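*Asks:* When you get a sec, could you build the whole thing from the sequences and use the hints?
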Amino acid sequence: MKQFKIGNSWIRGVVGNGLTAELVTDFACAYGTYVGGREVVLVRDTRASSPMFGAAALAGLLSTGCSVADAGVCPTPVAQYLVRRRRAGGGIAVTGSHNAAGWNALKFIDEDGALLNSIRGEEVLDLYHLGEYTKASWDRLGKREEATGFVGSYLAATAGTLNVESIRAAKLRVAVDTVNGTAGAVIREFLGFLGCEPILINEEMGPDFAHDPAPSARNMRQLESLLRHIEADVGFAVNTDVDRVGIVTEKGVALSEECTFPLVADHVFARGSAVAVTNLSTSMMIDRVAERRGGRIIRTKIGEGYVIFRAVNEDAVLAGEGSGGVALMPVSRAFDGFLTMALVLEAMAEGGHRISELAGRLPAFLMKKGEIPCSPDRVYHVLEEFRGFHRGGQVDLSDGVRAAWPGHWIHVRASNTEPILRVIVEGEDPERVERVFADTLFRVNTVVHGKS
Amino acid sequence: MSRLTSLKISVSGVRGIVGQSLTPQLVTAFAAAFGSYAGRGPVLVGSDTRPSRHMVAQAVTAGLLSTGAEVVDLGICPVPSIQYMVARTKAFGGIAITASHNPIEWNALKFIGPEGLFLNQFRAEEVLDIYHQGEFRRVSDAEVRGVRRESGACAVHRDGILKYVDRDAIARRKFRVAVDCVNGAGAVATPALLEALGCEFTAIHTSVDEPFPHSPEPVAENLQDLVRVARQIGVDIAFAQDADADRLAIVSATRGAIGEEYTVALAVKQVLKRAKAPVVVNLSTTQLVEDIASAAGVEVYRAKVGEINVTEKLLAVNGAVGGEGNGGVIIPAIHPCRDSFAGMAVILQLLAEEGKSLEEIIDGLPRYAIVKRKTACPSERVFRVLRRIEEAFGAGAVVDRSDGVRLAWKRKWLQVRGSNTEPIVRVFVEAPDEEEARQLADKALEEVKRLAE
Chain A
1 MKQFKIGNSW IRGVVGNGLT AELVTDFACA YGTYVGGREV VLVRDTRASS
51 PMFGAAALAG LLSTGCSVAD AGVCPTPVAQ YLVRRRRAGG GIAVTGSHNA
101 AGWNALKFID EDGALLNSIR GEEVLDLYHL GEYTKASWDR LGKREEATGF
151 VGSYLAATAG TLNVESIRAA KLRVAVDTVN GTAGAVIREF LGFLGCEPIL
201 INEEMGPDFA HDPAPSARNM RQLESLLRHI EADVGFAVNT DVDRVGIVTE
251 KGVALSEECT FPLVADHVFA RGSAVAVTNL STSMMIDRVA ERRGGRIIRT
301 KIGEGYVIFR AVNEDAVLAG EGSGGVALMP VSRAFDGFLT MALVLEAMAE
351 GGHRISELAG RLPAFLMKKG EIPCSPDRVY HVLEEFRGFH RGGQVDLSDG
401 VRAAWPGHWI HVRASNTEPI LRVIVEGEDP ERVERVFADT LFRVNTVVHG
451 KS
Chain B
1 MSRLTSLKIS VSGVRGIVGQ SLTPQLVTAF AAAFGSYAGR GPVLVGSDTR
51 PSRHMVAQAV TAGLLSTGAE VVDLGICPVP SIQYMVARTK AFGGIAITAS
101 HNPIEWNALK FIGPEGLFLN QFRAEEVLDI YHQGEFRRVS DAEVRGVRRE
151 SGACAVHRDG ILKYVDRDAI ARRKFRVAVD CVNGAGAVAT PALLEALGCE
201 FTAIHTSVDE PFPHSPEPVA ENLQDLVRVA RQIGVDIAFA QDADADRLAI
251 VSATRGAIGE EYTVALAVKQ VLKRAKAPVV VNLSTTQLVE DIASAAGVEV
301 YRAKVGEINV TEKLLAVNGA VGGEGNGGVI IPAIHPCRDS FAGMAVILQL
351 LAEEGKSLEE IIDGLPRYAI VKRKTACPSE RVFRVLRRIE EAFGAGAVVD
401 RSDGVRLAWK RKWLQVRGSN TEPIVRVFVE APDEEEARQL ADKALEEVKR
451 LAE
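Here the protein sequences come in this chain order: A and B. One point on numbering: in the numbering used here, the residue at position 355 of the first sequence is 355, and numbering is uninterrupted. One point on numbering: in the numbering used here, the residue at position 207 of the second sequence is 207, and numbering is uninterrupted.
Please keep in mind that the hints were generated in silico from the structure rather than gathered at the bench. Just so it is clear, the structure is predicted and the values come from calculations on it, not from any experiment.
Quick look at which bits of chain A chain B covers, simulated, 3 or more residues with Cβ under 8 Å: (1) 9-22; (2) 58-69; (3) 98-108.
Yeah, the Cβ is synthetic: ideal placement off N, Cα and C, and Gly gets one too.
*Replies:* If you want it as structure tokens, here you go:
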């Protein structure tokens, strides 16, 4: 089966079997038409197919009369910064991000540096469906310009807004696994800027990723082993376009990627505003952190576009997801792995804390995640059947079915990438979580197989 | 009414107007069709200097890469240099991004096979079938190959030409030469060739980032700048190229543009001095070629208009030289493609060996006048037009119907043919006397127009 999915701020698919050069050209034309001939920033990650999709996007954008600032291999949050700095009309990042090898995607960036929100994303989709793109005549075609030399100003405008002096003074030894992705273009300058001593693995940029690029605990084995054998203050894992961060303690223990957002929030909330936006699948650790700091958590559908858009409207100080993406809203409307790492380093430096101490402050919950194969034509039917199963819980139907009770919650939703249903259960009491998880899997399976 | 569309998809490639029909979608799909046809090896991509080359080249790159081909980016590169390089590097094929002599709003893709020749009709049909079926080879992320830049194509091509001609004999004469590169692809290669041939040269219109200073077809009305420069300097000879540098026209310091038919004639004259082998030209080329060939004792074959038709005939009869009367010289010993650089080199060698001026050499040849006319004509009327022309004018003529209709009498011929690329009919007449040629051409044109409307 072909694998291709359209979101509000992205399209993604399996290269050659779903995501094709022609589709990317069409979406670039739709986006160029939407932007109306203004400049568009274009970046790509290090996957083998990214130059191909980059060329297709470039051709489409130029044909609509948009000039393109081509920043080459570059992290997505840096592109999001460049869009604002250049006062461009928008941006396109060609990146499979956290997705497994074989996949690739386009992320569409709005003029404010955020990924396209759902309203604007739908306008681009309407233009795509309409298929009537702006066709610039030969003398009005866009021009391509190579964008270079922006890393310094990016760092000054993002990490530079933090307490850089105290981070520098702490002289931290920082290990980073950049998984052969775009972080390689920035990471040394980034750590140098913060006065940290760099210990880098999988730094060489290229298509052969050392491991699955999602920065979850199971993909941080290399980093764990490194930190057990050398002296370092913290280890970070980022994905290929650096919108997600995972953390390994100085003792060589990988934290769940769910910890990144609450750990940063605990630090940021201490300064004042404690309003943050997250998605329905994210750990309730963030709720407990907000309670402790007297704050408020707002939940939305899954996806950076939704979370950031809501955070803009709620004047939230933070936005984040359990997958390791965090945005410091007053600085940038982007899940920015560099800024996230800088915030963690700032939290360590300002309080003189070890990363294991900061992690130890987070409440301990058990989160169980499962997948149930379900053909795409059955997925929504199953969700519909399932929505009534949660008596007594507080039900949210904005993305699949989420039900919350005082001590635990369940979330069942359709995957954005695969023909599966994702099931998540989290709670305080491990036994209860195991029981509810098993029960939920059984009930979803029963609906999937039609024996209700 | 005739229908003039801004898109032409044919065995000659795909050609369209940027901003109307030549969209990145179309170009990507065609490149993917060609990549599916060519296989997973290197495909060389070069372009002329049209401003739309950037957009089109990106779309070509995306389409080729999506099929698992490796893209070798030659940048701005003359078509004959792309062809030469494809053959020399054993690439799987090439794509030339050029609308040749067409106005600047046009662009086109021309497909080159692994031998460095344009695809013939049968191969081009295969690519068209793949395009129309839309079943392109798709490769996974891991199988996508990269883009490699290659800047040496013009130098490799130049070396091939310098090996063929007597460089020293040419260089000893220190010819004074002017050249008009029309800000086209020739600008990146022509100065170096003239330098290597020891010429004192003045090159005009060599800014590849500027639009064409005049229509890029190297015909007399477009060559006024070159004529002026040639006069001022008092050059031995001046050359004009088209945008992709496959065609060549000659300008004399004293007589101005001498007509592009002389380009092939002079090249034939030089090549036949050493090679006693047949000549192949298209049906519209001057009969001067027959006079020169018969003096050298070799046969002349005529092929359908279109570079690949002449090339295939040249290869079939083991010909020494040939080409097309619009300034396209083909010398198979260098490579069997229209090549303005090969043309310049052998014509300079002709001047060197004859020890005469360009004007003296021309005066030593029989004189003919060629008159060319064209008029809009819907494609479905072309057959009727041709039959009527044959009825009305064919008395006493040798008739050749392989490309439109060509009626040949002793020292005079009339050809009427439909264009392969536009809904127009072209009329050609050649006769020793210009007035006679014009009268016949106008009569034929009138007949065509009557039937076309």
